[in-house]
Amino acid sequence: MLEVSNLVKEYKSLRAVDGLSYTIQPGEIVGLLGPNGAGKTPALRCVAGILRPTFGEIKINGFDLVADQSRAKAGLAFVPEVPSLYELLTVNEHLRFVAMAFNRLDLFEKLGDDLLKRYNLFEKKKALVATLSKGMKQKLALACALIHEANVFLLDEPVIGIDPAGVAQMKAELQRARSEGCAILVSTHLLDTAERLCDRVIIVARGRKLAEGTLAELQAMSGMEGNTLEQVFLKLTEETNEAPVVFDV
Amino acid sequence: MKPLLYLTYRTLVNGIVRALSSPRRLIGLLFFTGYYFLIFIRPAMMPSRGMGMPPSVRPGQLEFPPMQVIDAFAFGILAVLSLFMMLGVMAQQTGFKPADVDVLFPTPIKPRIVLVFRMLRDYLFTLLLPFVIILFGLRPAKMGWESIFRNMPNSDFSGQTFRALTLSWILMAMTWVSITYAISLFINRSDRQSTRNKRVLGWSIALMVISTASFVLWKSQSVQDMSGVLELLREPFLRTVFFTATFATELTLAPLTGNIWSGVLGGGAMIFLIGLGVWVAMTQADWMYDQAAVRGFDSAGVRQAQRRGDTMGAMAEMARMGKIKSGRETFIHRLKMPGPWALVWKEFFLQTRGMMAVLVMLGLLGIAFCLMPAVITPRRNEMGVPYFFVLMQSMSLFMITLAIAQTGFIEVLRRVDLQKPLPFSPMKVVAAEVFAKAALGIGVAVISSLISGFVNPSLWPYVVATLIYSPALALMLSATVFLVTIMFPDFDDPTQRQFRGIMMLLGLAILGLPATGAFLGLWALGLPVWIAAVVGGAICLAMTALATFISAKFYEGFNPSE
Numbered sequence: 001m002l003e004v005s006n007l008v009k010e011y012k013s014l015r016a017v018d019g020l021s022y023t024i025q026p027g028e029i030v031g032l033l034g035p036n037g038a039g040k041t042p043a044l045r046c047v048a049g050i051l052r053p054t055f056g057e058i059k060i061n062g063f064d065l066v067a068d069q070s071r072a073k074a075g076l077a078f079v080p081e082v083p084s085l086y087e088l089l090t091v092n093e094h095l096r097f098v099a100m101a102f103n104r105l106d107l108f109e110k111l112g113d114d115l116l117k118r119y120n121l122f123e124k125k126k127a128l129v130a131t132l133s134k135g136m137k138q139k140l141a142l143a144c145a146l147i148h149e150a151n152v153f154l155l156d157e158p159v160i161g162i163d164p165a166g167v168a169q170m171k172a173e174l175q176r177a178r179s180e181g182c183a184i185l186v187s188t189h190l191l192d193t194a195e196r197l198c199d200r201v202i203i204v205a206r207g208r209k210l211a212e213g214t215l216a217e218l219q220a221m222s223g224m225e226g227n228t229l230e231q232v233f234l235k236l237t238e239e240t241n242e243a244p245v246v247f248d249v
Numbered sequence: 001m002k003p004l005l006y007l008t009y010r011t012l013v014n015g016i017v018r019a020l021s022s023p024r025r026l027i028g029l030l031f032f033t034g035y036y037f038l039i040f041i042r043p044a045m046m047p048s049r050g051m052g053m054p055p056s057v058r059p060g061q062l063e064f065p066p067m068q069v070i071d072a073f074a075f076g077i078l079a080v081l082s083l084f085m086m087l088g089v090m091a092q093q094t095g096f097k098p099a100d101v102d103v104l105f106p107t108p109i110k111p112r113i114v115l116v117f118r119m120l121r122d123y124l125f126t127l128l129l130p131f132v133i134i135l136f137g138l139r140p141a142k143m144g145w146e147s148i149f150r151n152m153p154n155s156d157f158s159g160q161t162f163r164a165l166t167l168s169w170i171l172m173a174m175t176w177v178s179i180t181y182a183i184s185l186f187i188n189r190s191d192r193q194s195t196r197n198k199r200v201l202g203w204s205i206a207l208m209v210i211s212t213a214s215f216v217l218w219k220s221q222s223v224q225d226m227s228g229v230l231e232l233l234r235e236p237f238l239r240t241v242f243f244t245a246t247f248a249t250e251l252t253l254a255p256l257t258g259n260i261w262s263g264v265l266g267g268g269a270m271i272f273l274i275g276l277g278v279w280v281a282m283t284q285a286d287w288m289y290d291q292a293a294v295r296g297f298d299s300a301g302v303r304q305a306q307r308r309g310d311t312m313g314a315m316a317e318m319a320r321m322g323k324i325k326s327g328r329e330t331f332i333h334r335l336k337m338p339g340p341w342a343l344v345w346k347e348f349f350l351q352t353r354g355m356m357a358v359l360v361m362l363g364l365l366g367i368a369f370c371l372m373p374a375v376i377t378p379r380r381n382e383m384g385v386p387y388f389f390v391l392m393q394s395m396s397l398f399m400i401t402l403a404i405a406q407t408g409f410i411e412v413l414r415r416v417d418l419q420k421p422l423p424f425s426p427m428k429v430v431a432a433e434v435f436a437k438a439a440l441g442i443g444v445a446v447i448s449s450l451i452s453g454f455v456n457p458s459l460w461p462y463v464v465a466t467l468i469y470s471p472a473l474a475l476m477l478s479a480t481v482f483l484v485t486i487m488f489p490d491f492d493d494p495t496q497r498q499f500r501g502i503m504m505l506l507g508l509a510i511l512g513l514p515a516t517g518a519f520l521g522l523w524a525l526g527l528p529v530w531i532a533a534v535v536g537g538a539i540c541l542a543m544t545a546l547a548t549f550i551s552a553k554f555y556e557g558f559n560p561s562e
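If you're matching them up, the sequences are chains A and B in order. FYI, our numbering numbers position 222 of the first sequence as 222, with every residue one higher than the one before it. FYI, our numbering numbers position 48 of the second sequence as 48, with every residue one higher than the one before it.
In short, the hints are calculated from the structure, not lab data. Glycine residues also receive a C-beta, built at the ideal position from the N, C-alpha and C atoms. Heads up, some of the hints might be wrong.
Partner residues are not named here, just some residues of chain A that face chain B (Cβ under 7 Å, in silico) [unchecked claim]:
1. V8
2. Y11
3. Y22
4. A48
5. R52
6. F55
7. G56
8. I58
9. S70
10. K73
11. A74
12. E81
13. P83
14. S84
15. L85
16. Y86
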């Protein structure tokens with residue numbers, strides 16, 4: 001389970017994330033939606049333990065991410081939007097390194113080859129990551145996220161750059177993880193994907209949470225019953241679209 | 001620690017294997033290993049010529065200097081070394097790669113372990129420096145070192161002092177690694193408090209540097225002789241400012257002075273500072289990932305682009321970070337250049353915006369080069385001046401065209417996805433690019449030739465010849481560079497850059513020799529120089545056409561993702 005309370009992230013004078021709170025229960029996929037520069041990526045990176053929150057509390061499986069970092073991160077998997085991988089490791093070594101870092105070499109021995117086969121990377125097992133295409137790197141990043149049997153997943157634009165078969169596979173993978181009781185947070189711009197995949201969505205703009213709920217709840221909140229998520233999203237974010245805050249971390 | 005060791009080991013091994021994996025990389029590697037061996041290693045390994053020296057300058061005849069001199073000398077050297085290390089304390093020390101941010105940071109490995117690992121790695125690099133010095137310079141250094149101690153009562157002093165000096169250097173370097181990590185992590189946090197801390201520290205260091213420089217200047221006015229210099233180096237103010245050098249000097253000289261306790265004190269103080277630095281760094285370890293993600297990662301794009309040799313990419317990154325502002329509108333904006341000429345316009349734009357300072361410098365240097373013979377001639381009416389004039393023109397053209405073309409054509413291949421869909425044939429694209437890269441060289445050659453003619457009218461026949469020959473030569477050089485670049489286009493691989501450099505020399509020799517040979521040959525045979533220039537220029541143009549044609553064929557099938 002993932003609990004985020006009053007998360008604030010400041011860079012000097014810029015407040016990128018401003019008091020974000022949410023909870024993701026086991027067996028739930030939640031979409032984090034927002035316009036460009038809304039603060040989705042910093043919010044995700046704070047939860048992944050990459051950025052240090054300025055204020056607020058993040059608990060992963062009951063462990064505080066700041067006070068008990070190792071135990072909190074043990075159940076966490078993070079897939080960045082454009083993953084930067086170790087170019088001079090082979091595909092197999094990369095997977096092995098991640099398993100070692102999570103102290104789950106046993107799972108690497110058990111699942112490694114299957115995962116590589118599932119993502120069509122088995123043939124490239126001994127190839128250097130530097131030689132992989134963008135889509136293959138994305139698939140390897142996903143395989144790395146699955147190698148240590150995490151139960152909290154953070155995915156930043158997970159389907160961008162992957163072929164249609166890969167997208168279908170990714171969706172199936174997320175649904176399988178949900179059925180196994182994993183808590184999943186997906187940041188995306190693809191509203192139709194979010195509508196079909198997510199149980200709930202959180203809409204953020206300028207670092208703040210604008211709305212949270214199921215599609216029906218959001219429709220009711222915005223007075224747009226019967227409309228698509230896209231229309232609801234545009235309605236809710238229209239006031240904040242005029243002067244977007246731009247940052248990139 | 002085990003995963004980090006695994007990562008480092010595999011990365012190193014795979015890097016070496018990759019460097020040896022293809023003939024191209026291997027040739028590049030061999031070329032550079034051979035180059036460094038011949039320049040640096042071989043001279044150090046050659047038998048010493050010291051025995052051949054006249055007896056008066058043989059190292060064995062050196063007298064042991066007084067202790068004050070040794071003390072001042074050791075302190076001076078160590079102070080200069082510590083000054084260099086001190087200047088780096090404000091810089092960010094994380095040195096993380098984007099892959100560390102995306103892969104390593106979300107793992108449960110504690111930041112403190114990662115920090116300790118990185119510090120140990122830096123300590124190791126610090127230790128490697130004396131090792132490299134010893135490896136390559138031991139033989140000559142040992143002779144000189146031992147000769148200083150020849151007149152000492154105890155011959156073992158030499159070895160003891162050498163060991164103490166090595167230990168001092170290691171401890172001092174480790175002290176600065178620790179201090180640098182501690183300060184860097186403390187002042188580069190993303191919170192507001194650290195901005196203030198950074199400002200305070202920056203001003204403190206500036207104040208210290210200014211006061212030290214002022215003190216040295218003030219004191220040096222009263223320095224009359226060597227004893228004055230020694231006195232200055234013993235000043236308590238300097239000994240305090242360069243405190244690590246003071247500690248290291250005490251440790252180094254302990255075997256000579258016999259004052260073991262002062263050596264122990266010096267070494268102990270440095271060990272204490274190392275411990276203090278490590279402790280402070282550890283208290284800031286939880287900020288380390290944040291710093292790397294926010295700042296290090298931000299500038300990683302620039303570093304990555306620079307490493308790849310992607311000049312324009314690096315500049316684009318800097319512009320994105322707000323470090324480069326867009327220039328004012330110039331006459332180039334208003335030029336109307338339709339069709340393939342738009343590519344030439346684009347090139348003028350990129351060159352003036354991206355490398356204006358370099359271009360101005362190259363242009364001025366080129367003109368200065370070419371004017372040298374013209375200015376010299378009136379004073380010395382030498383027979384060789386026309387040859388000198390033509391040589392300078394060619395050198396300047398070579399320098400300017402190669403500087404622009406090498407970066408520019410890699411840029412063309414990087415942005416091939418933008419240019420390929422344009423409605424021109426590959427031949428037109430390549431021809432336009434070849435011309436665009438040669439234009440500045442031609443411009444400089446024309447201007448400098450004309451000025452030279454006006455400054456020294458006796459040079460006019462040669463000015464006419466260079467006006468004929470230079471444009472063709474510049475085009476030939478530019479076309480050759482493009483041909484070699486597109487034949488070996490693995491521009492993201494540093495090892496390929498070396499290989500391409502070798503191939504570039506080969507290509508220039510093959511395509512350039514016929515024209516140069518014809519030009520010089522006909523001129524030497526006594527034909528009017530303009531005829532030699534016409535023939536040489538025609539051959540250059542023929543070579544340009546050939547290289548452009550072959551390049552266009554390569555360009556047609558070029559796929560950057562292959």
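Consistency of the hints with the structure:
1. V8: violated, 11 Å
2. Y11: With a closest approach of 5 Å, the Y11 (chain A) hint holds.
3. Y22: violated, 19 Å
4. A48: At 5 Å from the nearest chain B Cβ, A48 (chain A) passes the 7 Å test, so the hint holds.
5. R52: Nearest chain B Cβ about 4 Å off; hint holds.
6. F55: Interface hint status for F55 (chain A): violated (11 Å vs cutoff 7 Å).
7. G56: Because about 14 Å separates G56 (chain A) from the closest Cβ in chain B, which is outside the 7 Å limit, the hint is violated.
8. I58: This interface hint is violated because 13 Å lies over the 7 Å limit.
9. S70: Hint holds; S70 (chain A) Cβ to chain B Cβ min 4 Å, cut 7 Å.
10. K73: K73 (chain A) check passes; min Cβ-Cβ to chain B is 4 Å, inside 7 Å.
11. A74: A74 (chain A) check passes; min Cβ-Cβ to chain B is 5 Å, inside 7 Å.
12. E81: E81 (chain A) check fails; min Cβ-Cβ to chain B is 10 Å, beyond 7 Å.
13. P83: holds, 5 Å
14. S84: holds, 3 Å
15. L85: holds, 5 Å
16. Y86: holds, 5 Å
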